[in-house]
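What follows is the residue order along each chain.
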Amino acid sequence: MPPKNAAPKNAAQRQTPPPEGGDAAEELGDDYDMPVIVKVRPDDQLNISPEDLEKEVPPRVLYPLNPRAAHNTTQYSFKEKCFKVDEQVDQVVMHFAMDGLILLKESPEAMDQIEVFEKKEAEQNEKEEAEAIDEDFDPPENEKEIPVKNPLRNQFNFSERAAQSKNAILRERSWTTEPPPTTRNYGTVTQWEIFDQYMAEIEAAKEKEKDDKKSGKSAYDDMSEKKKKSDSDPTYSENMKLSIKIMERMVNQNAENEVYHDFKYWEDRSDEFRDGEGTLLPLWRFSSEKAKKKQVTCIKWNPHYSDLCAVGFGSYDFMRQGTGVICCYSLKNTRFPEYVFNTDAGVCSLDWHPAHPAVLAVGLYDGTVLVYDVRARTKKPIYQSTVRTNKHTDPVWEVRWNNDESTGALNFYSISSDGRVSNWFLLKNKLESEEVMELKLMGSPGTGEEDETSLAGLAGGLCFDFHSHSDHSHLFLVGTEEGRIHKCSKAFSGQYLETYEGHTMAVYSVRWNPFHEKIFISASADWTVKLWNHENRFAILSFDLSQAIGDVAWAPYSSTTFAAITSDGAGGSTSGVVHVYDLSVNRNDHICAQKVVKRAKLTHVAFSKSEPIIIVGDDRGGVNTLKLSPNLRIDVVRTDETDQNLTDMDMQLQKMEHLLEMVTETKTT
Amino acid sequence: MAGRPIPKDVKKQCQKATVKNTDMSNEMKTEVVDIIAGSIDKFTLPTGVNFEGATRAIKDALDKSYGFNWHCAMGKGFCFDVTAQNGTLMHCYYQGELAILVYKC
Numbered sequence: 001m002p003p004k005n006a007a008p009k010n011a012a013q014r015q016t017p018p019p020e021g022g023d024a025a026e027e028l029g030d031d032y033d034m035p036v037i038v039k040v041r042p043d044d045q046l047n048i049s050p051e052d053l054e055k056e057v058p059p060r061v062l063y064p065l066n067p068r069a070a071h072n073t074t075q076y077s078f079k080e081k082c083f084k085v086d087e088q089v090d091q092v093v094m095h096f097a098m099d100g101l102i103l104l105k106e107s108p109e110a111m112d113q114i115e116v117f118e119k120k121e122a123e124q125n126e127k128e129e130a131e132a133i134d135e136d137f138d139p140p141e142n143e144k145e146i147p148v149k150n151p152l153r154n155q156f157n158f159s160e161r162a163a164q165s166k167n168a169i170l171r172e173r174s175w176t177t178e179p180p181p182t183t184r185n186y187g188t189v190t191q192w193e194i195f196d197q198y199m200a201e202i203e204a205a206k207e208k209e210k211d212d213k214k215s216g217k218s219a220y221d222d223m224s225e226k227k228k229k230s231d232s233d234p235t236y237s238e239n240m241k242l243s244i245k246i247m248e249r250m251v252n253q254n255a256e257n258e259v260y261h262d263f264k265y266w267e268d269r270s271d272e273f274r275d276g277e278g279t280l281l282p283l284w285r286f287s288s289e290k291a292k293k294k295q296v297t298c299i300k301w302n303p304h305y306s307d308l309c310a311v312g313f314g315s316y317d318f319m320r321q322g323t324g325v326i327c328c329y330s331l332k333n334t335r336f337p338e339y340v341f342n343t344d345a346g347v348c349s350l351d352w353h354p355a356h357p358a359v360l361a362v363g364l365y366d367g368t369v370l371v372y373d374v375r376a377r378t379k380k381p382i383y384q385s386t387v388r389t390n391k392h393t394d395p396v397w398e399v400r401w402n403n404d405e406s407t408g409a410l411n412f413y414s415i416s417s418d419g420r421v422s423n424w425f426l427l428k429n430k431l432e433s434e435e436v437m438e439l440k441l442m443g444s445p446g447t448g449e450e451d452e453t454s455l456a457g458l459a460g461g462l463c464f465d466f467h468s469h470s471d472h473s474h475l476f477l478v479g480t481e482e483g484r485i486h487k488c489s490k491a492f493s494g495q496y497l498e499t500y501e502g503h504t505m506a507v508y509s510v511r512w513n514p515f516h517e518k519i520f521i522s523a524s525a526d527w528t529v530k531l532w533n534h535e536n537r538f539a540i541l542s543f544d545l546s547q548a549i550g551d552v553a554w555a556p557y558s559s560t561t562f563a564a565i566t567s568d569g570a571g572g573s574t575s576g577v578v579h580v581y582d583l584s585v586n587r588n589d590h591i592c593a594q595k596v597v598k599r600a601k602l603t604h605v606a607f608s609k610s611e612p613i614i615i616v617g618d619d620r621g622g623v624n625t626l627k628l629s630p631n632l633r634i635d636v637v638r639t640d641e642t643d644q645n646l647t648d649m650d651m652q653l654q655k656m657e658h659l660l661e662m663v664t665e666t667k668t669t
Numbered sequence: 001m002a003g004r005p006i007p008k009d010v011k012k013q014c015q016k017a018t019v020k021n022t023d024m025s026n027e028m029k030t031e032v033v034d035i036i037a038g039s040i041d042k043f044t045l046p047t048g049v050n051f052e053g054a055t056r057a058i059k060d061a062l063d064k065s066y067g068f069n070w071h072c073a074m075g076k077g078f079c080f081d082v083t084a085q086n087g088t089l090m091h092c093y094y095q096g097e098l099a100i101l102v103y104k105c
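Order-wise, the sequence lines are chains A and B.
According to our numbering, the first sequence is numbered sequentially starting from 1.
According to our numbering, the second sequence is numbered sequentially starting from 1.
Hints are supplied without guarantee of correctness; some may be wrong.
[Said to hold, decoys possible] Straight-line alpha carbon distances no greater than 20 Å define the calculated EDC-like cross-link-like pairs of lysine to aspartate or glutamate that follow:
1) B:LYS12 / A:GLU203
2) B:LYS12 / A:GLU209
3) B:LYS64 / B:GLU31
4) B:LYS42 / A:GLU203
5) B:LYS11 / A:ASP196
6) B:LYS8 / A:ASP418
7) B:LYS59 / A:GLU203
8) B:LYS20 / A:GLU201
9) B:LYS16 / A:ASP344
10) B:LYS11 / A:ASP52
11) B:LYS20 / A:ASP344
12) B:LYS20 / A:GLU193
13) B:LYS11 / A:GLU203
14) B:LYS11 / A:GLU207
15) A:LYS206 / B:GLU31
16) B:LYS8 / A:GLU203
17) A:LYS379 / A:GLU434
18) A:LYS208 / B:GLU97
19) B:LYS8 / A:GLU193
20) B:LYS16 / A:ASP196
21) B:LYS16 / A:GLU203
22) B:LYS12 / A:GLU193
23) B:LYS12 / A:GLU201
24) B:LYS76 / A:GLU193
25) B:LYS64 / A:GLU193
26) B:LYS29 / A:GLU207
27) B:LYS11 / A:ASP344
28) B:LYS20 / B:GLU97
29) A:LYS210 / B:GLU97
30) B:LYS12 / A:GLU657
31) B:LYS11 / A:GLU193
32) B:LYS8 / A:GLU201
33) B:LYS76 / A:ASP196
34) B:LYS12 / A:ASP196
Don't read these hints as lab results, they were simulated from the structure.
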């Protein structure tokens, strides 16, 4: 249908609504009055007769026509089994189609959407509420109450547990200490200051050196410093010492003036009347504080200085052994010893060296031998024997210097109860010992049981004596504890040359006669003193003193005089008695027996070589000096008959020979 | 340097360490002087002393032996004004031209 038809139709159709287009404005001016409908005919409207108006117009329809559309669609219809043609083809062409997002409010889709939206909101609210509530332990009834946090764990098997411990209460504490005290220091460093400092130091050092030189001090000499100190003090100088010594002696001598006079000049006049008897005049008694409780164990005069004697203190008592003291007394000072040495063990024997008058050999109770130099400042021995150097294991009862020095070194012999006679050499820094011989025990002669029951071991040696004569100088005598005396030779150490039987108890002392080379004397604990000729096995003479004898000594001035001391006095009272025998005067009995000390036993005796005195030691630590009366000092009797050509020595020998003859005579008769 | 040159023998005598001023105890003094002298000797090169190394060494040694907070200053010319703990200050000279100041604070 052509659109021209449509246009008038539209115009006709538009006639029905009131043409309020152009005139509406005027009509509306009437305001809310009932509108009056006035039909107004436009001028250019067609005039159609009312019959034409009533005529029905055939409806005009607008049909689209798509040029590209097909004219017809043909479809096969299975029902009729043929192709059917459809003239009606859809002429609508869709150029653009878009689904709109807007939903009508009242439409069902919108209603659905609103529903879903509301539901979601409700759920969200529920979720929020549920999170704020604590969890129940009971499984929730509704699945909708579960918080959606861990959707993987199912609530029936897993449950979360948590606990909170108590939080420790924290407290703050703090201290501040006082800072260490500080001081402010300030200074300057400059090169000239450094220089000045060093210069000052150098100057000071130089000054010090000068002072040192002036006072004569050297850096390394401490000893001389001490000496200087002593020197500077006049009290300690050497000269002072000497002066003091002389003063001391003078004072003492003054105090004992009478005694000295007696010592020098007094002779007992009564001896002229008493023939065959003599007396001993007591002069001094040396005693020392240190030695008060000890016993005198040996006395020896110094060979060079006739006023000096060495006294050894110790103890014979086995149970009560203490330390020992050696005191060297001088006759010039009788109050105090000249030299005092302390030893660890009791002293048993002493000997001065014949050539070196300051060297003293000492034997101790514990077997040690010592060598002292009395001049040395220190009080230590210059040599000492130790266990390593083969010291004796028993007390050293006697020591004796060896006169001949063929070996070059000084040497001395010692004898001890352990049965050894040792020779000690003084080497540079030690003491060497060489065994001279061992004192073998001899079985008593006559017993056939020597092999089985003979005593093992060695005899204990108590004393020895070397022969002074040059041709017999290798001989020496040994006295043993068993009572035997053996003659031995230095050269031949295996065996005894001779054994002298006679004593039944220990022999305390053997002494060769200083004049007669064949005679010797021995003193024993069996109360006897025996005189022997070394060629005979048996004693020539025997003297029974009826008391235990401590020591015997030949007088140096007479070949027939000797002194013996006893430990106990006669009659039970303990006091020491000195017996002096002169065999040329009285063969059987003593010419003097004198009690010297009260309440003490005498232990040793020694004759002075030059003075007419003997010195006797007792067990109280005292040493008594006694002067021999003239009768005791008879050396040689020269009468008109005697041959003037004979020397004193010959006279002495003669005396002895005479005596021996008499003895043998009496024996044979 | 201006002035008379120092005679060689005197110089030789000045080589050792001398204490100028100290308030340490005697043993501490000798020990510290030894430490200082030793450390400087360790760091002496033919061209001169390595001051940094030497001071570092001195300070470390003193820290180790006497506790922390030591200070060490070394030089040929300087002034100082320090506050130090009592008994820990030492001012000494060494090798005739060096001055060393050590203190603890």
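How the hints compare with the structure:
Straight-line distance between C-alpha atoms of LYS12 (chain B) and GLU203 (chain A) comes to about 14 Å, which keeps the hinted pair within the 20 Å bound. Our distance criterion of 20 Å between C-alpha atoms is met by LYS12 (chain B) and GLU209 (chain A), whose separation comes to about 18 Å. A threshold of 20 Å between alpha carbons decides the hint, and for LYS64 (chain B) with GLU31 (chain B) the separation of about 13 Å falls inside it, so the pair holds. A hinted pair counts as satisfied when its Cα atoms are at most 20 Å apart, and LYS42 (chain B) with GLU203 (chain A) does not qualify at roughly 30 Å.
For the suggested pair LYS11 (chain B) and ASP196 (chain A), the alpha carbons sit about 12 Å apart, so the restraint of at most 20 Å is met. Taking the CA atoms of LYS8 (chain B) and ASP418 (chain A), the gap is near 76 Å; set against the 20 Å cutoff, the hint is violated. Of the pairs offered as hints, the one joining LYS59 (chain B) and GLU203 (chain A) is violated, with about 33 Å between alpha carbons and a cut-off of 20 Å exceeded. A hinted pair counts as satisfied when its Cα atoms are at most 20 Å apart, and LYS20 (chain B) with GLU201 (chain A) qualifies at roughly 11 Å.
With a C-alpha separation of about 54 Å, the suggested pair LYS16 (chain B) and ASP344 (chain A) falls outside the 20 Å cut-off, and the hint is violated. Straight-line distance between C-alpha atoms of LYS11 (chain B) and ASP52 (chain A) comes to about 155 Å, which puts the hinted pair past the 20 Å bound. The suggested pairing of LYS20 (chain B) with ASP344 (chain A) is violated, with an alpha-carbon distance near 58 Å, which exceeds 20 Å. Between LYS20 (chain B) and GLU193 (chain A), the direct Cα distance comes to roughly 10 Å. Compliance with the 20 Å bound is thereby established for this hinted pair.
Only pairs whose Cα atoms come within 20 Å are accepted, and LYS11 (chain B) paired with GLU203 (chain A) is accepted, the gap being roughly 14 Å. Taken as a hint, the LYS11 (chain B) and GLU207 (chain A) pair is honoured in the structure, with Cα atoms around 19 Å apart against an allowance of 20 Å. A hinted pair counts as satisfied when its Cα atoms are at most 20 Å apart, and LYS206 (chain A) with GLU31 (chain B) does not qualify at roughly 26 Å. For the hint linking LYS8 (chain B) to GLU203 (chain A), the alpha-carbon distance of about 16 Å falls within 20 Å, and the restraint holds.
With a C-alpha separation of about 27 Å, the suggested pairing of LYS379 (chain A) with GLU434 (chain A) is violated against the 20 Å cut-off. Our distance criterion of 20 Å between C-alpha atoms is broken by LYS208 (chain A) and GLU97 (chain B), whose separation comes to about 25 Å. Between the alpha carbons of LYS8 (chain B) and GLU193 (chain A) the distance comes to roughly 19 Å, so the proposed pair stays at or under 20 Å and holds. Taken as a hint, the LYS16 (chain B) and ASP196 (chain A) pair is honoured in the structure, with Cα atoms around 14 Å apart against an allowance of 20 Å.
As the CA atoms of LYS16 (chain B) and GLU203 (chain A) are separated by approximately 15 Å, the hinted pair is consistent with the 20 Å bound. At most 20 Å may separate the alpha-carbon atoms for a hinted pair to count; LYS12 (chain B) and GLU193 (chain A) meet this at roughly 17 Å. Using a Cα cut-off of 20 Å, the hinted pair LYS12 (chain B) and GLU201 (chain A) holds, with the two alpha carbons roughly 13 Å apart. Simply put, LYS76 (chain B) and GLU193 (chain A) have alpha-carbon atoms about 11 Å apart, close enough for the 20 Å limit, and the pair holds.
Proposed proximity of LYS64 (chain B) and GLU193 (chain A) is contradicted: the alpha carbons are some 31 Å apart, above 20 Å. Distance restraint check for LYS29 (chain B) and GLU207 (chain A): the Cα-Cα separation of roughly 25 Å exceeds the 20 Å cut-off, and the hinted pair is therefore not satisfied. Taken as a hint, the LYS11 (chain B) and ASP344 (chain A) pair is broken in the structure, with Cα atoms around 61 Å apart against an allowance of 20 Å. About 13 Å separates the Cα atoms of LYS20 (chain B) and GLU97 (chain B), which keeps this hinted pair within 20 Å; it holds.
With a CA separation close to 28 Å, the supplied pair LYS210 (chain A) and GLU97 (chain B) exceeds the 20 Å bound. Restraint check for LYS12 (chain B) and GLU657 (chain A): the C-alpha separation of about 93 Å exceeds 20 Å, so the hint is violated. A hinted pair counts as satisfied when its Cα atoms are at most 20 Å apart, and LYS11 (chain B) with GLU193 (chain A) qualifies at roughly 15 Å. In summary, the hint linking LYS8 (chain B) to GLU201 (chain A) is supported, as the alpha carbons are separated by about 16 Å, within the 20 Å threshold.
Between LYS76 (chain B) and ASP196 (chain A), the direct Cα distance comes to roughly 14 Å. Compliance with the 20 Å bound is thereby established for this hinted pair. About 15 Å separates the Cα atoms of LYS12 (chain B) and ASP196 (chain A), which keeps this hinted pair within 20 Å; it holds.
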